[in-house]
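These protein sequence lines map, in sequence, to chains X and V.
Heads up, the first sequence is in the UniProt record's numbering, so the first residue is 1 and it goes up one at a time.
Heads up, the second sequence is in the UniProt record's numbering, so the first residue is 1 and it goes up one at a time.
Hints are computed from structural coordinates only; laboratory data are not their basis.
Keep in mind that this is a model prediction, so the values were computed, not measured.
Each residue gets a CB set at the ideal place from its N, CA and C atoms; glycine is no exception.
You can trust all of the hints, since none of them are fake.
Simulated DEER-style distance windows between Cβ atoms: (1) Gly257/X <-> Gly137/V: 17 to 25 Å; (2) Glu278/X <-> Leu98/V: 46 to 54 Å; (3) Glu278/X <-> Leu71/V: 40 to 48 Å; (4) His177/X <-> Leu285/V: 30 to 38 Å; (5) Gly110/V <-> Gly353/X: 29 to 37 Å; (6) His177/X <-> Val292/V: 39 to 47 Å; (7) Ala122/X <-> Leu161/V: 52 to 60 Å; (8) Asn79/X <-> Trp113/V: 27 to 35 Å; (9) Ala75/V <-> Leu73/X: 34 to 42 Å; (10) Leu161/V <-> Val363/X: 52 to 60 Å.
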Amino acid sequence: MNTLTRAGLGLLMTTAVASAQADEVRIGMITTLSGGGSHLGVDVRDGFMLAIDQAGRDDIEVLIQDDARRPDLAKSLSNEFMQRDEVDIMTGIIWSNLAMAVVPSVVRQGTFYLSPNAGPSALAGKMCHENYFNVAYQNDNLHGAMGAYMREQGFENPILMAPNYPAGTDALGGFKHLFDDEVADEIYTQLGQTDYAAEIARIRASDADSLFFFLPGGMGISFMKQWENSGVEMPVFGAAFSFDETIIKAVGSAAIGAMNTSQWAYDLENAANQAFVEGFREAYERTPTLYAAQGYDTARLILSALEKAHPDDQDAFREALRAADFDSVRGKFRFGPNHHPIQDIHVREVVEGEDGEPTNRLVGLAVEDIQDIYHVDCKM
Amino acid sequence: MSSTLLLEQLINGLQLGTMLFLMASGLTLVFGVMGLINLAHGSFYMVGAYVTALATASSGSFLLGLAAGVLAAAAAGAIVELLVIRRLYQRQHLDQVLATFALILVFSEGTRWLFGSSPLWLSPPEALAGSVALPGGSRYPVYRLVIIAVGMVVAAGLYLLIAHTRLGMRIRAGESDREMIGALGVNIRRLYTLVFALGAALAGLAGSLVGALQSVQVGMGEPVLILAFVVIVIGGIGSIKGALLGALLVGLVDTLGRVFLPALFGQFMAPSDAAGAGTALAAMLIYILMAVILAFKPKGLFAAHD
Chain X
1 MNTLTRAGLG
11 LLMTTAVASA
21 QADEVRIGMI
31 TTLSGGGSHL
41 GVDVRDGFML
51 AIDQAGRDDI
61 EVLIQDDARR
71 PDLAKSLSNE
81 FMQRDEVDIM
91 TGIIWSNLAM
101 AVVPSVVRQG
111 TFYLSPNAGP
121 SALAGKMCHE
131 NYFNVAYQND
141 NLHGAMGAYM
151 REQGFENPIL
161 MAPNYPAGTD
171 ALGGFKHLFD
181 DEVADEIYTQ
191 LGQTDYAAEI
201 ARIRASDADS
211 LFFFLPGGMG
221 ISFMKQWENS
231 GVEMPVFGAA
241 FSFDETIIKA
251 VGSAAIGAMN
261 TSQWAYDLEN
271 AANQAFVEGF
281 REAYERTPTL
291 YAAQGYDTAR
301 LILSALEKAH
311 PDDQDAFREA
321 LRAADFDSVR
331 GKFRFGPNHH
341 PIQDIHVREV
351 VEGEDGEPTN
361 RLVGLAVEDI
371 QDIYHVDCKM
Chain V
1 MSSTLLLEQL
11 INGLQLGTML
21 FLMASGLTLV
31 FGVMGLINLA
41 HGSFYMVGAY
51 VTALATASSG
61 SFLLGLAAGV
71 LAAAAAGAIV
81 ELLVIRRLYQ
91 RQHLDQVLAT
101 FALILVFSEG
111 TRWLFGSSPL
121 WLSPPEALAG
131 SVALPGGSRY
141 PVYRLVIIAV
151 GMVVAAGLYL
161 LIAHTRLGMR
171 IRAGESDREM
181 IGALGVNIRR
191 LYTLVFALGA
201 ALAGLAGSLV
211 GALQSVQVGM
221 GEPVLILAFV
231 VIVIGGIGSI
241 KGALLGALLV
251 GLVDTLGRVF
261 LPALFGQFMA
271 PSDAAGAGTA
281 LAAMLIYILM
291 AVILAFKPKG
301 LFAAHD
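So here's chain X without its partners, still in its complex pose:
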């Protein structure tokens, strides 16, 4: 409730300040602040608002609403933002199925949408749009990078596991595309499954030399705890979605040693990142996750474009966004032709931190300048 009231208060305060100015900019944020997986939305929001606060501009109004991970609610909130509040820019959506419900109609009606997380393949390919920018990644990026990294590390026979739903099959597809070889087996679980005894038995019985899994949120927590006590000795790999700072603290020691790919790490060395991590820890008293970094970058991209043009001048503002003229916390950052990032993907290892709790440590580069494979289908 705390987070909700804070969002509500922030909303009230910003509305009061803003209405005075004529060319103020209104940003509508729809994100997941309650229910399962809400820590992603909370982090995106906190990262975003940190950048806005640091900029100290009083002509930007951010309206924040909670979609509770429901596509229908996200859809009606976006209509409210466009018709009643007449926002210039929208952002915030975490989940790909919600993004698919909201983004196409938003950008068609002439509002800019910047995605701080969800990057479904359709929006990078056939359904790409000049007003849609993805600041985080195309969904396959991190999985594909892990495929490339594991191949380079000499693993020959990984076993793959993901829930049986579109993002799960996409994840394994993305992995296989860059692993580019036969895998030992693919296991699909039910979405929201909590007991993995049967799957662990299959992994044990297989002749695989490593495990790659994509189990976002609570599913990953259950699996890692059961994996630890199963007695199976096999190196574990995944994407950062299963190993963000919040999740590995809930998993505990079972997460130690797991390798994961991320486009960002809190110990990446660059000035923008240092300022971000320090500012975030000071403001919210916790270590930021990749979602917070994505929210922060999204806000900083918007701020950099606002320096050059107002969103009412659509062509100039779009050009300013496309130039991505800001210091990303990821180091280098640029957009491909379909407005999705071309970026480096790093490898992190979960280690025991100074306080005894697990934390991620940067290991090295997985893939340099990764680009999604869908941009060839994008005509704009």
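Fit chain V to the supplied structure of chain X, relying on the hints for placement.
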């Protein structure tokens, strides 16, 4: 398919079955003795897990936490029975479903309000961590074996309670003719509260044990509740013996299906298609099992009111 995998899967099925039995036995008692459909049974599972997680964190002992979790679930059950359920016995099943569904919402939102939506941390105690060797060179987690043992002890305890004690006699009498035992001077209201609290305690025990294996979070009880309903429908409503057999059957069919169906489909399909199709069919398997059993025995395997 190797024999070690088969053995491991059989034990996995047994473990899922005993956990389902803990849930289903309470559900079937409440349904059989009191004629009440209780959708909020999964909430007691969640209460047990949450209290165990909190008590374990503050006391440092899993055993104390477990005891606290079971007692808290029993207390929650007794309170709910006194405040809400008591008013529902004379109502139709639809009213009971509505009221107990409302209880699910109250429990879930209340828990979210108190503890937030992030999962709580609960792990098996150090002594039960790790795994033991199985014949054939495979290994199996100790903690899952302990869950099976606890389930078996509870099953034996319930059998003794129902077949050989005065309370059990009253419960059986309540199942067959509740007006008559009321007329014979048994305090039926107290009996009902007791049975309901017992059922809640068993659900709390299941939640506490499983919470250490999975994650302790809001809404964790509802998926288990659905399986538990399948179990009591298969086993026959009101029958503890049916609940035990149904739970083991559902546990084994579900676990074996999840491994062997994708492998079976793999014989004649591309691997990724086989994985998808096999997983989808495995998810349906227990409902197919239920349909087949109901086609031949419409009241379940061991119906209490034949």
